[in-house]
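Peer 1: Sequence:
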Amino acid sequence: MAEFSANMGPSASRQMLNRAGGMTLPFGILAVVAMMVLPLPVLLLDVFFVFNILLALLVLMVSLHSYRPMDFSSFPSVLLIATVLRLALNVASTRIVLTDGHSGSGAAGKVIEAFGAFVIGGNFAVGLVVFVILMVINLMVITKGAGRVSEVSARFTLDAMPGKQMAIDADLNAGILTSEEARVRRADVATEADFYGAMDGASKFVKGDAVAGIIILAANIIGGIIIGTAQHGMGIADAAQNYVLLSIGDGLVAQIPSLLLSIATAIIVTRVSSTADMASHIGSQMNISRAWVPVAAVLGILGMVPGMPNMMFLTAAAAAGAAAWFAKKRDAQQAADAEQEQAVAERKDQVEADKPSATITAKDVTDYAPISIQIGYGLIPLIDGGDTSPLVASVTGVRRDASKAMGFVVPGVRIRDDLNLQSNQYRLRIGQAIVGEDSVYPDRKLALPGGMSKRKLKGIECTDPSFGMDAVWIMPHQQAEAEADDHVVVEPESVVATHLSQMIYAHADKLIGPDDVQTLLDILQRVAPTLIETVVPKLVPLHTLTSVLRHLLTERIPVGDLRRILEGLADISGMGMAPMEMAERLRPSLVPQMLQQIVPVNQPLPLITLSPELEQLLLRSIPQGGATLMVDNALAEKIVGGLSQISEQLAAEGRHPIVIVASALRRPLAAFTRMHALDCVVLGLDELPEGRRIEVVSTIGGHDAVPNMDQ
1 MAEFSANMGP SASRQMLNRA GGMTLPFGIL AVVAMMVLPL PVLLLDVFFV FNILLALLVL
61 MVSLHSYRPM DFSSFPSVLL IATVLRLALN VASTRIVLTD GHSGSGAAGK VIEAFGAFVI
121 GGNFAVGLVV FVILMVINLM VITKGAGRVS EVSARFTLDA MPGKQMAIDA DLNAGILTSE
181 EARVRRADVA TEADFYGAMD GASKFVKGDA VAGIIILAAN IIGGIIIGTA QHGMGIADAA
241 QNYVLLSIGD GLVAQIPSLL LSIATAIIVT RVSSTADMAS HIGSQMNISR AWVPVAAVLG
301 ILGMVPGMPN MMFLTAAAAA GAAAWFAKKR DAQQAADAEQ EQAVAERKDQ VEADKPSATI
361 TAKDVTDYAP ISIQIGYGLI PLIDGGDTSP LVASVTGVRR DASKAMGFVV PGVRIRDDLN
421 LQSNQYRLRI GQAIVGEDSV YPDRKLALPG GMSKRKLKGI ECTDPSFGMD AVWIMPHQQA
481 EAEADDHVVV EPESVVATHL SQMIYAHADK LIGPDDVQTL LDILQRVAPT LIETVVPKLV
541 PLHTLTSVLR HLLTERIPVG DLRRILEGLA DISGMGMAPM EMAERLRPSL VPQMLQQIVP
601 VNQPLPLITL SPELEQLLLR SIPQGGATLM VDNALAEKIV GGLSQISEQL AAEGRHPIVI
661 VASALRRPLA AFTRMHALDC VVLGLDELPE GRRIEVVSTI GGHDAVPNMD Q
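Each residue of the sequence shown is one higher than the last, beginning at 1 in the UniProt record's numbering.
Honestly, the hints are just simulated from the structure, not real lab data.
No residue lacks a Cβ here, since even glycine has one placed at the ideal position from N, Cα and C.
With a Cα cut of at most 25 Å, we get these calculated SDA-like pairs of lysine to any residue: (1) 538 - 585; (2) 454 - 651; (3) 328 - 316; (4) 538 - 525; (5) 510 - 673; (6) 404 - 562; (7) 144 - 61; (8) 404 - 435; (9) 144 - 66; (10) 454 - 644; (11) 458 - 469; (12) 454 - 647; (13) 404 - 390.
Here are the in silico distance ranges between beta carbons for each label pair: (14) 170 - 627: 55 to 65 Å; (15) 70 - 401: 57 to 67 Å; (16) 381 - 578: 42 to 52 Å; (17) 331 - 169: 37 to 47 Å; (18) 529 - 400: 20 to 30 Å; (19) 401 - 612: 34 to 44 Å; (20) 140 - 237: 29 to 39 Å; (21) 236 - 291: 49 to 59 Å; (22) 534 - 577: 12 to 22 Å; (23) 170 - 331: 35 to 45 Å; (24) 30 - 331: 50 to 60 Å; (25) 400 - 604: 25 to 35 Å; (26) 689 - 488: 25 to 35 Å.
Turn these sequences into a full structure, and let the hints guide you.
Peer 2: Structural data, given as structure tokens:
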């Protein structure tokens with residue numbers, strides 16, 4: 001058994017606990033029934049009385065903290081069990097009172113003695129009056145009102161049930177609800193009807209319990225006096241003193257939990273569904289400054305009337321005035337929050353398209369924006385102000401620079417909020433594809449460490465989305481400290497714009513289409529009409545030209561010199577080449593334009609070469625007629641690691657890495673670097689422009705980089 005218990009998992013333990021809990025309730029009910037028949041020891045009776053008070057308090061607290069009546073749907077069953085427990089205790093205590101009541105006030109246990117001596121002060125006349133008042137409150141006020149509310153609620157709930165079912169079916173047919181959601185809602189409607197129907201009957205338990213309490217009290221008093229005088233030879237006064245005190249103490253011990261349960265019943269049946277518990281619900285509706293101000297004024301006036309307890313009224317007036325001040329402050333804060341939410345709602349793009357609708361149209365599922373930035377609601381301040389906002393201005397600058405660099409007009413960028421994103425999250429999309437996402441903090445700045453940085457700044461640590469460097473989001477007042485420690489401090493909108501710029505360059509081939517190419521041709525036709533008429537579409541169809549330009553843009557070759565591109569295509573148009581091969585033949589004449597964008601003409605080109613052994617191995621790994629490298633994982637990881645390390649070193653120096661290889665290896669290696677997201681340019685030996693200085697910064701290869709080369 002020890003070994004079995006030690007090897008049990010969490011699920012097995014949970015099942016054993018569930019089985020144990022399932023057996024507790026049946027045995028508990030049997031024990032309650034046994035209490036009505038079998039005599040109980042006085043100590044055990046005290047324990048059950050304390051447990052009865054505990055149960056009543058627990059039920060009351062759960063009722064107060066329920067958001068809606070259905071959150072405590074087991075209340076009718078709990079009320080029945082608590083009522084039966086209390087009646088069983090009344091029977092058990094009556095047996096002890098009538099049997100041993102002649103021996104004194106402690107005959108029925110400490111709890112009854114305490115209520116008889118402390119609560120009613122040992123005076124049975126006072127206790128009788130208190131008991132009668134409690135019974136009237138419980139029976140005539142709380143129980144009667146709760147019963148009426150339960151009856152009306154049950155009737156209205158049952159009358160509304162067909163309409164609710166029809167509404168659920170209509171939402172299901174309209175596509176607003178899924179079949180699973182509809183099933184859950186139908187179950188909620190049925191459970192609600194069952195609950196209010198059960199509460200209508202359960203309120204009768206409370207009423208019957210109150211009536212039973214009166215009858216039991218009368219039976220204890222009359223029976224106790226008769227037994228005390230007839231069987232124990234007590235005088236009438238002594239018998240009345242003992243048995244009346246014990247009976248009233250017994251009645252109060254039972255009726256106080258009964259009163260608590262009656263209050264809980266009334267709370268449950270009068271509870272309106274809300275998103276807050278009862279205290280918060282009532283407090284939010286009663287904490288109104290317009291209500292507290294006249295209350296404070298009236299109390300202040302009463303406090304100045306001669307003969308009144310002036311200090312007490314003035315103190316109450318001051319308390320009401322303080323409550324009015326806090327309520328007014330809260331109302332002002334809520335109004336400000338509401339205005340901010342309204343402003344956010346007004347700035348949302350395509351709000352109507354995002355609203356649930358009974359019908360779904362094509363507009364709801366299509367988005368033809370070529371480039372879009374989706375932002376969380378916390379980043380809305382970055383676009384506050386329209387075209388003059390920080391993010392919009394930065395994005396406009398990125399579009400302008402990218403259009404000049406690549407030779408065609410980059411499409412407009414749509415910026416819209418998305419409630420599905422986290423507060424500070426943004427997402428970049430090219431068409432329908434998500435190409436990048438990260439988080440920025442509009443109230444902070446991004447600090448990027450430099451080569452001389454030594455201090456660790458306090459802030460939110462992260463990785464820069466554009467360059468992959470470790471960075472820290474710092475507060476604005478830390479900027480001077482960061483810059484003094486050789487950190488580069490960047491505004492949040494610049495972080496998003498830089499990330500967008502990289503994605504535009506990386507996916508430029510997806511941003512140009514036949515319409516864009518035709519626009520470029522129309523512009524060129526104004527200065528070279530004969531060239532356009534000769535080449536497009538006679539020699540090169542528009543779709544072929546578009547495909548050629550896309551292949552060039554894939555490797556960041558600008559297509560702004562369309563005259564040279566068309567002249568080159570005219571020379572090779574009759575060779576039966578595919579668009580990719582055409583683009584490869586055009587590269588030598590277009591590469592100088594790309595190089596002058598990434599390396600100033602007065603600086604040498606930072607070249608990375610491959611060792612002869614590695615280059616020969618890669619050449620042999622190209623399949624016949626293929627444009628990819630077939631290398632094993634170990635070699636691929638070493639090539640990627642070497643290029644990444646050198647690229648990071650050059651990037652830290654502000655230089656862009658350029659890999660120079662044999663012409664036959666250029667295209668496969670370029671595809672390999674793009675596949676592994678390496679930000680480097682791959683050139684063939686025949687593509688190096690004349691007149692440009694070069695500098696070999698590193699060589700990748702050697703025996704460490706080429707495992708098993710001899711094999």
